[in-house]
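Peer 1: Read off the chains here:
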Amino acid sequence: MKYILPDKLPTTVVGSYPRFPEAKKALKLKKDRYSNKEIIEELIQSAIRRVVEDYLEAGIDIISDGEQRREDMAVFFAENIKGFKISGWVRVFDNVYYRKPIIAGRVKWTHEITVKDWKFASTISRGRPVKVTLTGPYTMYDWSYDEYYGDKKEAILDLANALRKEVEHLIAAGAKYIQIDEPALSTHAEKEDIEIEKEALEIIFQGINAKRIVHICYGKLERLFPDILDFPVDQFDLETKNSNFRLLSILKEYSYDKELGLGVIDVHSTRIERVNEIMKDIMKGLEIVPPEKLYVKPDCGLKRLPRDVALAKLKNMVIAAKKVREELQ
Amino acid sequence: MELYSGICGSYPRPPELRKAIDRYEKGYITKEELNSVYLKSLRMIIEIQERAGLNIISSGLLMWDDLLRPFAKGLEGIKLNGLLRFFDNNFYYRVPVIVDKIRRKKPIVLSEAKNLAKHTTRLKKLVLPGPFTFIQLSRNEYYSSMRSLADDILDALVDEIKDLAKFIDFLQIDEPSLVDSEIPIDNRKEGVNLVNELVSRIDIPRDKIIVATYFHLDEQCYQILLNLKTGLHIDMISTPRKAFNALKEYGFKGDLISLGLVDSRNIKVENVEEIANKAYDILDEIHAKAVIFSTNTWLDYIPFENARSKVEVLGKLLQIMRGEVT
Numbered sequence: 001m002k003y004i005l006p007d008k009l010p011t012t013v014v015g016s017y018p019r020f021p022e023a024k025k026a027l028k029l030k031k032d033r034y035s036n037k038e039i040i041e042e043l044i045q046s047a048i049r050r051v052v053e054d055y056l057e058a059g060i061d062i063i064s065d066g067e068q069r070r071e072d073m074a075v076f077f078a079e080n081i082k083g084f085k086i087s088g089w090v091r092v093f094d095n096v097y098y099r100k101p102i103i104a105g106r107v108k109w110t111h112e113i114t115v116k117d118w119k120f121a122s123t124i125s126r127g128r129p130v131k132v133t134l135t136g137p138y139t140m141y142d143w144s145y146d147e148y149y150g151d152k153k154e155a156i157l158d159l160a161n162a163l164r165k166e167v168e169h170l171i172a173a174g175a176k177y178i179q180i181d182e183p184a185l186s187t188h189a190e191k192e193d194i195e196i197e198k199e200a201l202e203i204i205f206q207g208i209n210a211k212r213i214v215h216i217c218y219g220k221l222e223r224l225f226p227d228i229l230d231f232p233v234d235q236f237d238l239e240t241k242n243s244n245f246r247l248l249s250i251l252k253e254y255s256y257d258k259e260l261g262l263g264v265i266d267v268h269s270t271r272i273e274r275v276n277e278i279m280k281d282i283m284k285g286l287e288i289v290p291p292e293k294l295y296v297k298p299d300c301g302l303k304r305l306p307r308d309v310a311l312a313k314l315k316n317m318v319i320a321a322k323k324v325r326e327e328l329q
Numbered sequence: 001m002e003l004y005s006g007i008c009g010s011y012p013r014p015p016e017l018r019k020a021i022d023r024y025e026k027g028y029i030t031k032e033e034l035n036s037v038y039l040k041s042l043r044m045i046i047e048i049q050e051r052a053g054l055n056i057i058s059s060g061l062l063m064w065d066d067l068l069r070p071f072a073k074g075l076e077g078i079k080l081n082g083l084l085r086f087f088d089n090n091f092y093y094r095v096p097v098i099v100d101k102i103r104r105k106k107p108i109v110l111s112e113a114k115n116l117a118k119h120t121t122r123l124k125k126l127v128l129p130g131p132f133t134f135i136q137l138s139r140n141e142y143y144s145s146m147r148s149l150a151d152d153i154l155d156a157l158v159d160e161i162k163d164l165a166k167f168i169d170f171l172q173i174d175e176p177s178l179v180d181s182e183i184p185i186d187n188r189k190e191g192v193n194l195v196n197e198l199v200s201r202i203d204i205p206r207d208k209i210i211v212a213t214y215f216h217l218d219e220q221c222y223q224i225l226l227n228l229k230t231g232l233h234i235d236m237i238s239t240p241r242k243a244f245n246a247l248k249e250y251g252f253k254g255d256l257i258s259l260g261l262v263d264s265r266n267i268k269v270e271n272v273e274e275i276a277n278k279a280y281d282i283l284d285e286i287h288a289k290a291v292i293f294s295t296n297t298w299l300d301y302i303p304f305e306n307a308r309s310k311v312e313v314l315g316k317l318l319q320i321m322r323g324e325v326t
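First to last, the protein sequences are chains A and B.
For the first sequence, position 166 (counting from the first letter as 1) is numbered 166 according to the numbering used here, and the numbering increases by one without interruption.
For the second sequence, position 280 (counting from the first letter as 1) is numbered 280 according to the numbering used here, and the numbering increases by one without interruption.
For the record, the hints were derived by calculation from the structure and aren't laboratory data.
A few of these clues could be false.
Claimed, not checked - Residues from chain B that keep clear of chain A, each with C-beta distances beyond 10 Å, as calculated: (1) Asp88; (2) Thr120; (3) Ser138; (4) Ser145; (5) Glu197.
Claimed, not checked - Some but not every residue of chain A turned toward chain B, in silico, with C-beta under 10 Å: (6) Ser46; (7) Ala74; (8) Ser87; (9) Trp89; (10) Phe93; (11) Lys100; (12) Ile102; (13) Glu147; (14) Ala189; (15) Gly219; (16) Arg223; (17) Gln235; (18) Phe245; (19) Ser249; (20) Asn276.
It should be emphasised that the depicted structure is a prediction, and the values quoted were computed from it without experimental measurement.
Beta carbons are placed, not taken as given, at the ideal position from N, Cα and C, and that holds for glycine.
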């Protein structure tokens with residue numbers, strides 16, 4: 001089935017979706033070292049199916065697998081890339097903790113990590129493109145304890161090479177939207193770090209025939225500009241709603257001309273944004289880039305929201321994008 | 001020179017407490033049941049610190065969700081908003097939004113001070129968020145001038161400190177924003193004045209007050225910090241060379257300095273002798289009456305299981321520096 005993307009204001013998601021009970025059960029079985037892997041796979045696929053059904057119901061144009069297989073964005077890749085171990089629980093906020101990875105040896109790609117879920121989501125997406133999200137090398141390094149390298153650049157470039165292998169497999173499978181998630185980048189605006197990230201993205205993306213996206217969120221994003229503007233990407237996918245769109249004036253100042261993934265849904269709030277409100281926010285984005293370059297999406301992954309809230313937010317987002325499109329006609 | 005050893009602020013929540021908080025939030029256990037797990041956890045982490053040989057014992061801030069939270073929740077006039085990254089960490093705090101006049105109607109961390117006093121006979125330390133960092137990390141939607149906002153925050157903190165002073169020996173006022181180089185230097189100078197104003201209004205001796213900074217230190221930051229009329233905690237790990245150069249250039253002639261020499265953002269356990277050598281190098285540059293050996297920041301950034309070995313390093317470091325072992 002072929003799906004025709006709107007040429008203006010396509011809607012998309014950042015990656016994660018609230019975890020369905022099937023996925024929770026699968027993760028529990030995996031943790032308990034349950035031997036029947038087929039059962040675990042069935043549960044994961046069932047969860048992905050429900051994510052995709054929600055996206056289709058909301059009318060999202062470019063969807064994801066909802067990251068149902070991932071316990072956490074760092075741990076998932078650490079468990080699948082050679083060289084990592086996992087430490088105990090470390091707090092992220094409130095009483096929410098994650099198992100922080102440890103880099104204990106040279107990192108190396110050994111097997112496909114995300115391809116299977118991408119393929120499955122693609123078979124049930126009714127032609128809608130499925131975006132793949134990979135936790136970026138900078139964030140993997142920053143959110144791990146480094147007990148092996150002691151040299152940030154060397155570690156990050158090795159991670160980039162590992163992710164490059166994954167990207168090659170995704171491209172071979174037919175993926176057209178590859179997003180590197182780099183939430184940690186906004187905490188380090190040092191030029192040296194930005195240069196390392198640029199080099200890492202060049203390794204990951206060089207010569208690929210797919211949309212190259214980097215997602216950055218929650219920090220002082222403005223301090224990354226203009227330095228990151230020459231990253232080898234087609235699109236910056238940014239958190240803007242939660243920070244009241246203060247970033248946009250900075251993008252304007254630097255004559256931003258890449259595609260812009262504009263966050264119009266606050267994923268840290270259960271309040272459902274009204275259609276009119278989202279329309280106004282989309283208009284703010286249109287002051288920076290033309291509608292062909294503006295992607296309408298939430299600030300970040302939706303995993304922390306209750307599923308009904310996430311779905312309601314997405315529905316309003318799609319309606320708002322559609323209305324603005326009509327107004328632009 | 002008096003020598004002390006103590007952690008900088010928090011201790012990671014023990015797994016039982018994490019689970020109890022979850023269960024309480026879901027309505028499975030009562031507040032009393034949660035409190036009983038809290039007290040058990042508090043006794044455990046006090047014992048860990050005592051056994052390691054620390055002579056300043058911290059309450060560990062076990063129920064604090066972030067540096068600002070007890071006050072953001074306990075003071076009137078403040079609402080909580082979304083999450084924002086806490087400096088350069090993969091840790092988020094909830095942004096306090098000031099929507100009305102700030103008033104302190106009841107004590108906020110007094111019971112924590114009392115519980116700490118009840119369970120240890122050693123020197124006791126409690127942490128409070130500093131006024132400058134509180135303002136920097138909050139969103140003001142009520143006050144028309146920063147001065148009037150600062151006045152009300154100072155009033156609240158002064159009242160809180162008056163209530164808890166008799167239960168503690170050291171007061172730590174956390175002011176990481178004072179070394180945030182993205183905040184204009186003149187604002188940070190004002191921040192130092194604000195802290196000085198706070199301490200001028202409380203009865204705790206100034207050599208028993210530690211203004212804690214972390215995540216960064218360079219010469220410019222340090223120069224500003226030297227205007228504080230209190231003891232000072234500095235992070236010697238996050239920007240080690242710059243921090244050491246700052247001490248070398250400007251020394252320290254105050255009464256109390258706390259040196260964050262043990263890395264509480266990494267699980268790797270330090271070699272105590274190497275840290276002792278660093279400590280000797282630093283002591284050559286400063287002339288304080290009292291020195292505290294400490295972690296660079298809160299222990300929240302490592303798992304509970306790894307925190308004990310960090311505390312043990314601090315204990316051994318104190319022994320070495322006192323010449324009790326060679």
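Peer 1: Take the hints in turn and mark each one as holding or not.
Peer 2: Comparing the hints with the structure gives:
no.	hint	in the structure
1	Asp88	4 Å, violated
2	Thr120	24 Å, holds
3	Ser138	15 Å, holds
4	Ser145	22 Å, holds
5	Glu197	28 Å, holds
6	Ser46	25 Å, violated
7	Ala74	8 Å, holds
8	Ser87	6 Å, holds
9	Trp89	6 Å, holds
10	Phe93	4 Å, holds
11	Lys100	7 Å, holds
12	Ile102	7 Å, holds
13	Glu147	6 Å, holds
14	Ala189	8 Å, holds
15	Gly219	5 Å, holds
16	Arg223	7 Å, holds
17	Gln235	22 Å, violated
18	Phe245	14 Å, violated
19	Ser249	17 Å, violated
20	Asn276	21 Å, violated
Against the hints set out earlier in the document, violations occur for numbers 1, 6, 17, 18, 19, 20.
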